[in-house]
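There are 2 protein chains.
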Amino acid sequence: MSDIATNLDGRPLATTGPVLIIGSGLLGASAALALRAAGIDVFLDDISPTSLALARDLGAGEIYRETMAEPRLVIVAVPPDVTSTCVIRALRDFPSAIVTDVASVKSLVISEVLASGVDVSRYVSSHPMAGRERSGAAAADRDLFIGRPWVVIAHEQSSDLARLRVRELAVDMGASVVELDAQGHDTAVALVSHVPQLVASLVAARLADAPDEALALAGQGLRDTTRIAASDPRLWTSIVSGNCGPVVEVLRQFHGDLADLIAGLESGAQHGFGADGSVGAINSVIEAGNEGVARIPGKHGGAPRRWAIVEVLVPDKPGELARLFSELGAIGINIEDLTLDHSAHQRVGSARLMVDPTRAREAEQELETRGWRIVSH
Amino acid sequence: MSDIATNLDGRPLATTGPVLIIGSGLLGASAALALRAAGIDVFLDDISPTSLALARDLGAGEIYRETMAEPRLVIVAVPPDVTSTCVIRALRDFPSAIVTDVASVKSLVISEVLASGVDVSRYVSSHPMAGRERSGAAAADRDLFIGRPWVVIAHEQSSDLARLRVRELAVDMGASVVELDAQGHDTAVALVSHVPQLVASLVAARLADAPDEALALAGQGLRDTTRIAASDPRLWTSIVSGNCGPVVEVLRQFHGDLADLIAGLESGAQHGFGADGSVGAINSVIEAGNEGVARIPGKHGGAPRRWAIVEVLVPDKPGELARLFSELGAIGINIEDLTLDHSAHQRVGSARLMVDPTRAREAEQELETRGWRIVSH
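Protein sequences appear in the order of chains G and H.
If you use our numbering, the first sequence closes out at 377, no skipped numbers anywhere.
If you use our numbering, the second sequence closes out at 377, no skipped numbers anywhere.
Hints were generated in silico from the structure; no laboratory data involved.
Careful, some of the hints might be misleading.
To be verified - Here are some, though not all, of the chain G residues that point toward chain H, as calculated from beta-carbon distances under 8 Å:
| id | residue |
| --- | --- |
| 1 | R223 |
| 2 | S231 |
| 3 | L258 |
| 4 | A288 |
| 5 | E291 |
| 6 | P297 |
| 7 | F325 |
Every residue gets a Cβ at the ideal spot worked out from N, C-alpha and C, and that includes glycine.
Please take these sequences and the hints and turn them into a complete structure.
Now the structure itself:
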């Protein structure tokens, strides 16, 4: 082990060990693996001896014993409903350590910690936006946090040092630091994560009893809007139940918007094509949606940029998509995003490539020269 | 021109000309281009002389004059609210022709035609599921229908011959025929297309006034669920206003489900972690969503198949994605679907590749050998 710990890119880490990680699930074990890969001493604790042994065997660190040195940093990575208890105990047990947690729910957790009477100056909460469907140490990955936002939530009594250490941890993990207060965090995740999940599930739920013929007409739009409806019920129940207040607030507004739309459409249902009430109601909903979706940041967090779409028909056999991408590489075109669209019963799909608008025409011409069939836009 | 018209794959077409296409917008001009490419005579008509001239100049066919031969098939491709008028006139003007339309709304259109007193035995309605954001002949594409479902809607008085000819047209266009009745069609598209569009717009609309910090936390889930919220308001207003009845019915059920969820969550908002009402409400919504999304057909219309996910970190520079796909091609792995995930402020993304589960492990090993960083699942 070298004197200075470095991360996977060879940058020196700011975080110094030993680090105690309480909870050896997905987030805890992933952070542990990343710290270990940088040569930092990691101690592991977990209420489950089996989980603990698994994390150790995966190389996530040593099992913590009271005779060990006091950790400099404690990361509490347990479910939201037991997070405050673990944070309070860590602040009591390790009087010099900085303590953070990674729970996806903040206001409840932080208020419970602040009410405990322990020294809370050493506590700064946080939330890496790096969930996934699978949980547990077996799903852990030292690269889990790379490129993800990591929200840092200091409270009024947090020391500057504690805040710095938690920010450093996030950066060392390859994440991008976003500072918010607890309420701001909970409102934000309700809006951009919890409500979209619930609404996607509600839309998908309407398909459960639909006739097969209806589902045969499903296109890419339906697939996109319901993809996350396949998420784990246990995970999402724990997340949303810890953030009911902000989630209900957004859902109530959504419910009101929906009621307005239904009222507008009901006039259309009675009067047929072009009834005034329905046309106005539909148009304003779609326009408001245009405005909202335009605010989602593009890659690199810049202002949303309009990519040009190049749509190519791709026969469904091994190597075709590979050949397409290989040839785009040869042309020197970078693909910013893409969607694949397949319809039922067919052996051809289309790939919609988002590319730099100044290169789109060239890309189309070069691909056509190479025998690809371009769908004009 | 050869004696037997063939389509793009060299198969002989069943459709015989001349074909009159009324309405030279996206759908009409696309069908015209595909028929012309197969060597079939196409006549064009449109209320707008400019649109008509544009379609002709694009090679979609000849401008129709009354001195021309009677068409064997008439395709009415005008907006839903004027479709029945055009169908009725075509049935009157061409007493031997088969007539179809391609409007995205069926019950209203067909009932208006049936009430007209003309010979409706030669009329079979249809709906190719091939919309796109842009409209007009300039956006037309002879490949527009390839791989898409094309719904054929016969009514009680339709002749077998008319139904056969419209089915043949859909197959000649490369589409996949789905037969439904008008009510079944309108209910199906409300469920799998119109309501998902409206709900995506409503979710996105909630982002319009959100703080930038909240939007910075947006992940792939939000992007997926709101992608179609960028759709054209004028187009969607015309579609939904012609199908208000079925759309309202689905939205009312959705509204009821949403109200139940909110009521459950409200108990959680008052009681904190694990309040019984909220946990049950959230869990049942997510589970119902699981059940619904599992019913969306996979590629080729088969039972939904579970693909294995191989997730690879991809540096964001030109050629990297190309290199990844090229190397997957060399390994012989077919990519069934994929999503790209980029977070704000970062120069690395992850590609989630859906591959044959029996090849996933091999794909991961081969990619790691070639220097790619795999995110374990």
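Restraint: F325 (chain G) near chain H, CB-CB cut 8 Å. Satisfied or not? OK, holds: F325 (chain G) within 8 Å of chain H, min 3 Å.
Does the CB of P297 (chain G) sit less than 8 Å away from some CB of chain H? The hint holds - P297 (chain G) has a Cβ within 8 Å of chain H, the shortest such distance being about 5 Å.
Double-check L258 (chain G) for me: the hint is only fine if its C-beta lies closer than 8 Å to a C-beta in chain H. Because about 6 Å separates L258 (chain G) from the closest Cβ in chain H, which is inside the 8 Å limit, the hint holds.
Interface restraint verdict for E291 (chain G) against chain H (beta-carbon cut-off 8 Å): Since the shortest Cβ distance to chain H is 5 Å, the answer is holds.
Does A288 (chain G) pass the interface hint, meaning its C-beta sits closer than 8 Å to a C-beta of chain H? Hint holds; A288 (chain G) Cβ to chain H Cβ min 4 Å, cut 8 Å.
Just to be careful: measuring from the Cβ of R223 (chain G) to every Cβ in chain H, is the smallest value less than 8 Å? holds (6 Å)
Would you settle whether the hint for S231 (chain G) is holds or violated, based on the nearest Cβ-Cβ distance to chain H being less than 8 Å? holds (7 Å)
Of the numbered hints listed earlier, not one is contradicted by the structure.
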